[in-house]
Amino acid sequence: MSALLDIRNLSVALKGGPRLLRSVSLSVAAGEVRGLVGESGAGKSMIGKALLGILPRSVEVVEGQILLDGDDLLGLPPAERRRRIGQRAALIPQDPLTALNPAHRVGPQITDRLVDILGWPRARAEARALDLLAEVHIPDPGRVMKSYPHELSGGMRQRILIASAFAAEPALIVADEPTTALDVTVQKQILRLIAEMQARHHTALLFVTHDLGVVSKVCQTLSVLYAGKVVEETTVRDFFRAPGHPYSAALLAATPKYTDPDGSLTPVPEAVIAAVRAEVEAAETEWQHGRR
Amino acid sequence: MLFLQRLLWRLATTAVTLFGVAVIVFTVVRVVPGNPIAMMLPPGATDADVARLKALYGLDRSIPQQFLIWGWGVLHGDFGTSISLRQPVLGLVLGRLPATLELATMALVMAVLMGGAAALTATRHRGTRVEAGIDVTNGVALSIPDFLWGLLLIIIFGVLMPVFDISGRVSPDLKLPFTTQFYLVESILRLRFDITADLLGHMFMPALALAIPLAAIIGQVLKQSLKETMELDYVTLARTKGYGETRVILREALRNAILPTLTLVGVQFTFLIGGTVIVERLFSYEGLGNMAIDAVINRDLPLIQGIVLCFALIFTGVNLVVDLTYAALNPRLRHA
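Quick mapping for you: the protein sequence lines, in order, are chains A and B. Per our numbering, the very first residue in the first sequence carries number 1; after that it's consecutive. Per our numbering, the very first residue in the second sequence carries number 1001; after that it's consecutive.
These aren't lab readings, by the way, just hints derived from the structure by calculation. Glycine residues also receive a C-beta, built at the ideal position from the N, C-alpha and C atoms. Be careful, since some hints might not be right.
Between beta-carbon pairs, the in silico distance windows are [what the hints assert, rightly or not]:
| # | chain 1 | residue 1 | chain 2 | residue 2 | range |
| --- | --- | --- | --- | --- | --- |
| 1 | A | Glu60 | B | Leu1189 | 55 to 63 Å |
| 2 | B | Tyr1326 | A | Ser147 | 14 to 22 Å |
| 3 | A | Asp69 | B | Thr1121 | 31 to 39 Å |
| 4 | A | Glu60 | B | Asp1135 | 20 to 28 Å |
| 5 | B | Leu1007 | A | Glu196 | 44 to 52 Å |
| 6 | A | Asp69 | B | Tyr1326 | 52 to 60 Å |
| 7 | A | Gly119 | B | Thr1263 | 48 to 56 Å |
| 8 | B | Val1023 | A | Ser58 | 39 to 47 Å |
| 9 | B | Gly1274 | A | Val115 | 23 to 31 Å |
| 10 | B | Asp1135 | A | Glu286 | 54 to 62 Å |
| 11 | B | Thr1121 | A | Gly263 | 29 to 37 Å |
| 12 | A | His289 | B | Thr1128 | 49 to 57 Å |
| 13 | A | Arg124 | B | Tyr1326 | 53 to 61 Å |
| 14 | A | Ala253 | B | Thr1121 | 51 to 59 Å |
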């Protein structure tokens, strides 16, 4: 069975500069929830951005393929690529406070894709938006549709963004640290909500996070990134039982434990970092060699 | 309720502003050298003649006394009588005001269209030579003042390719069946498009001269805030929905990016109205600004005061409109 999303050998670099993603390969099957973990700057968000066609202007794809439903997105003409992404994929962004347009009401921000990209009649799109808002447990959806974002709380706005992401029944959703900007009590609810929505809609999820606790609750598989390279690809069960890569093991050991709130934090040992860095650099040299 | 309160507050501050302007203008025109009496009398007039005329126009009293008399008249709708034209100031000002308002509005419309188009194009093609070209054009447009643009336009469209009229507001041989001074508006309402065309032909160059520097400012500021807005999260999210770049700029970014530009346009529009003084003169356009220069040359004190007060009223009015528009465009301010 071919995967829903198949990223092959994807390299992304600063224009005329170093690589930020180094020949990344990963695949997501239909309905699969894959975690993308790594420390800040490991490139985990960059994968989602490359996939959704929202890389910063200073960055470009230098090699590789991103196959969605078997078609290489990077090979499509730009307009067709945007359409395809809009129809088949969606983003749950990191910061709900900045991800809704302050000048538009909430309703159109959910229905716009349905009407403009999928060509639904407005009434049908609005009915769908009302259903979705109810699904994400928003009381009085009719009123919320007519509200402006600044009139709603952060948690409410994240619920709206989740509803909006599921609106077009995409096959794949990228959740880019969707709980990082929220306070802890809300984080848990939102996490539960995403899991609930994912299960109901059987949507594949690429869950970008630095929080292994989140991974253990939501994901089935995960890819561990370090310095733009996938160092381990495994199932969540295997990972928490016996991480395959020393860096993964150290990362797991560094996770604070609620069972031992007073215990001191374990940093990733320097030797492990040196080893994984050497590994990445060796691969980099080999890659550059191969390109020459 | 809140709106009413705010409006009343604005009206109160407007009254204070106008009073301040009146005091300053009234004093300045009487303190600077040169007086209307000297302009009116033939050489060799006696001191007695001077004194008689001074008394006639009330200029023999102290400045505060004169101000009180004038101010009392203004409050009753009497702005005095023009010394050089010997007609009531109010009628003169109201007669010329529509011409200037039409010119300034036309210039503003042109500036917004040109500046807006430049900003949108530059944003759409940001980081390319197109943007660099627009930046350079804006720089040139901005560094040359409106009256020099006027001269340049006269050379191009008046002399080299004489397509537009260089002088006046309307061709003198046209019969105008109008009841107001808003010729342009009235010609359209009365469907006299022959007159509309003639008016536009006369208005085109002075309006363009006024519009060019303002268009450059609008273009530059709007482009800057558009580019910043284009980096924001909600714009990125809209891209993932399948919208193309142009659509994203117009739908997501423009409405938010336009706010800082709007404030600026309000301020710059008042400069534009100031600019009409010289530009109207240059094109012999029969507006308020042209009359202002005559009034100053003739030391026509009541007329100067009337015109300046009228300008001040326009400035405050424009600012009020800008504030209200701002609130309408920014939902976050609506309940504030």
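(request) Enumerate the violated hints, using their earlier numbering and listing them in ascending order. (result) 6, 7, 8, 9, 10, 11, 12, 13
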